[in-house]
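Add chain Y to chain A, keeping to what the hints say.
Number of protein chains: 2
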Amino acid sequence: MNKVKIGILGLGNVGTGVWKILNTNKEEIRKRSGYDIEVGKILVRDVNKDRGIDVPKELLTENPEDVLKDDSIKIVVEIMGGVDPAKDYILEAIRNKKHVVTANKMLLATEGDELFTAAENEGVAFYYEASVAGGIPIIHAINESLTANKIEQIIGIINGTTNYILTKMTFDNMTFEAALKEAQEKGFAEADPTSDVEGYDAMYKLAILSSLSFGTRINIEDIYREGITKIKPIDIKYAKDFGYIIKLIAIVKEVSGKLEMRVHPAMIPERHPLASVNDSFNAIFIRGNAVGDMMLYGRGAGDLPTGSAVVSDIISILRGSTDVEAISAVRNNYLNIKPSPMENTESEYYVRISVMDLPGVLGEISTIFGEEGVSILSVMQKGKREEFASVVYFTHTTLEGNIDKAIEKIKASGHVKCIDNIIRIENIQ
Amino acid sequence: MNKVKIGILGLGNVGTGVWKILNTNKEEIRKRSGYDIEVGKILVRDVNKDRGIDVPKELLTENPEDVLKDDSIKIVVEIMGGVDPAKDYILEAIRNKKHVVTANKMLLATEGDELFTAAENEGVAFYYEASVAGGIPIIHAINESLTANKIEQIIGIINGTTNYILTKMTFDNMTFEAALKEAQEKGFAEADPTSDVEGYDAMYKLAILSSLSFGTRINIEDIYREGITKIKPIDIKYAKDFGYIIKLIAIVKEVSGKLEMRVHPAMIPERHPLASVNDSFNAIFIRGNAVGDMMLYGRGAGDLPTGSAVVSDIISILRGSTDVEAISAVRNNYLNIKPSPMENTESEYYVRISVMDLPGVLGEISTIFGEEGVSILSVMQKGKREEFASVVYFTHTTLEGNIDKAIEKIKASGHVKCIDNIIRIENIQ
Chain A
1 MNKVKIGILG LGNVGTGVWK ILNTNKEEIR KRSGYDIEVG KILVRDVNKD
51 RGIDVPKELL TENPEDVLKD DSIKIVVEIM GGVDPAKDYI LEAIRNKKHV
101 VTANKMLLAT EGDELFTAAE NEGVAFYYEA SVAGGIPIIH AINESLTANK
151 IEQIIGIING TTNYILTKMT FDNMTFEAAL KEAQEKGFAE ADPTSDVEGY
201 DAMYKLAILS SLSFGTRINI EDIYREGITK IKPIDIKYAK DFGYIIKLIA
251 IVKEVSGKLE MRVHPAMIPE RHPLASVNDS FNAIFIRGNA VGDMMLYGRG
301 AGDLPTGSAV VSDIISILRG STDVEAISAV RNNYLNIKPS PMENTESEYY
351 VRISVMDLPG VLGEISTIFG EEGVSILSVM QKGKREEFAS VVYFTHTTLE
401 GNIDKAIEKI KASGHVKCID NIIRIENIQ
Chain Y
1 MNKVKIGILG LGNVGTGVWK ILNTNKEEIR KRSGYDIEVG KILVRDVNKD
51 RGIDVPKELL TENPEDVLKD DSIKIVVEIM GGVDPAKDYI LEAIRNKKHV
101 VTANKMLLAT EGDELFTAAE NEGVAFYYEA SVAGGIPIIH AINESLTANK
151 IEQIIGIING TTNYILTKMT FDNMTFEAAL KEAQEKGFAE ADPTSDVEGY
201 DAMYKLAILS SLSFGTRINI EDIYREGITK IKPIDIKYAK DFGYIIKLIA
251 IVKEVSGKLE MRVHPAMIPE RHPLASVNDS FNAIFIRGNA VGDMMLYGRG
301 AGDLPTGSAV VSDIISILRG STDVEAISAV RNNYLNIKPS PMENTESEYY
351 VRISVMDLPG VLGEISTIFG EEGVSILSVM QKGKREEFAS VVYFTHTTLE
401 GNIDKAIEKI KASGHVKCID NIIRIENIQ
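Taken in order, these protein sequences are the chains called A and Y. So for the first sequence, UniProt numbering puts the first residue at 1; every next one is plus one. So for the second sequence, UniProt numbering puts the first residue at 1; every next one is plus one.
This is chain A alone, in the form it adopts within the complex (with noise of 0.2 Å):
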């Protein structure tokens, strides 16, 4: 049997899942790659942690030079997160020419580029199968199984952190702190939960997707972004009375020539698969000219699931099955496809606004919308005995910079006390 040396840069909850897979699944793996796989160092921080996990103590180190120096190493895999100092390790490692397997969607999105270069100026693999939702093979999806298809767009539920709290606002009755608060509890969202709950870490996976399935560089600020912090339970109410669920999605599609690309949460119509992917469950639903729709449900993150993807890369390596000059090739013919700007997206929207509650004033609103173009689908006011009155529009397809427009307008009536809410609503067919 075939012996192969690796090291791991990180042992945290990814890591983890690596090593227990290596051990639990040693028959399958030995089988499937034709290779015994060997893990030779593991660069950690503190090797004195206890980690509760059996790896013997003399395979950590503190030193990234033990890993990326080391000869008899032939595979990297990169899984501590964060650009610095992972981007200067990922690099050294293919100038020793080692393939490298990681997980680091932050880095691909921002810096991938560099690193698809570099792997390719020196002829090596460079694998990132777990960077996108996690043990869901998308990447491998789009790379080799939907090679016939021109890829006309992607909706995903790529964020696993935001999908439970809107879960259990949808299904439990929860305010969005309410349900945060038992995520971090349940280890579902980090201690700051910034980078999911406001969308960063759904931007930089649709990123890639979008890179990849459009065959094209993006900018991540060519990506409009929006969290989920504002919505309330009388929005998930407002969403389940018309027949949505909301949802955090991230969308990209080729419109006219030009590609949109967005993070934000949308009604979605409650019969869509997309609408069932519950909990921290991440779905990618992709259109093809070919295959139709498809949808691709799974755990998006957790230490197995993540793991499973990174060995996966591994024995994709070990198989040699990488077509690195097909790969080449098409990052060598990236098309010039410029962002198209959000006031050009189509949608219909949800807008729930505070008024004041005097004769005329919805009349007035109304009348805003129409002179900017926005047709009214359903208009309902909550009749309170209260200075404000809630109320909630429904429009029919619109731009959104229709809807800027009007209210901006809105806002400067006059009687409008704050604009409570905008969310889109995605009428998936």
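Hints were generated in silico from the structure; no laboratory data involved.
No copy labels: a pair is met if it fits in one copy or bridges any two.
Below are the DSS-like pairs computed for lysine-lysine, each with C-alpha atoms no more than 27 Å apart in a straight line:
#, residue 1, residue 2
1, LYS405, LYS338
2, LYS258, LYS26
3, LYS97, LYS74
Showing chain Y alone in chain A's frame:
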């Protein structure tokens, strides 16, 4: 640009899809494969038949040798279906050192071993993504993406015809007969629907999935098979009342070192992702010991979806990304897993019985269930003033063998008109 010539055996539904995709997505395919794919010859039964697509007549031939013996053809696509003569054609193509792509599930399920061995001996690729679940890249997922996992269980909705019929019965209150007629009118069912509605089609696909996932040879005789023809609207209604949806499912799982393989209608929980797979869509739910629960959803049939799988296979061959050795290694290390006898299957059961409406009959039947170790969860008797009453039992988890014995005794009791239906309940978590 490199050029490669392919030959196609069959120009039906899938063949038309392949032709369309090769033309429509020429640019994408060129970029991803590094090749211009040219169709050399297409074997058809009648070159004069009008197929409604723009295939130049000089490409058509009625002589298989024009495809199989043409040295300029490097890849043969077999999409004629059936075992005979498809098997001989494929073997001849392999002997002539041509790579083969097939969509032929029946052939693979029954004669796959001989074909794999032949391809291995000649060192050519033998791909079959299109044979299971059309456009869904399930073969690729198991073979290449989930390699880090020990697969524990697969539950699939892998027959579009029966799923269409059951969807109509569930949501439009149709009878089986009416739904079948509509499916036939819409082209979702054949004039002779036996292969679909009796579960043969799903059985072939399950054999392929089982062999691949568990690394073992499968005898299709070892797969329990039952179709959907006995499902009545009343069964659908009872299922709904208890929170279930009836689907034709194909299951494989390892239980106590043996392989349980079965195709039959089952009640599944309405909140499970598989329950919302409607119309002619397919989905495959996989549980891996690392990745956890995963589902792939998409179009299981149709010219373009199935063509998508065929053309993606061609591209994989052109990229040289098949690790023929690794796949052979799995085959050459096939495990000897015995099939699990059906009487050892554990399930909950729904049993609908027409009994004589006499005092004591209900007690008698319940006693028999108890004697055979079948514990009852719910029982309902429809109170009609007729000679026979309909009684419905929902059982707790029990062995199929116990149910069988109880049913024999109940039949022999003399107070039963008939056992109207027995449907397994899969309480998938």
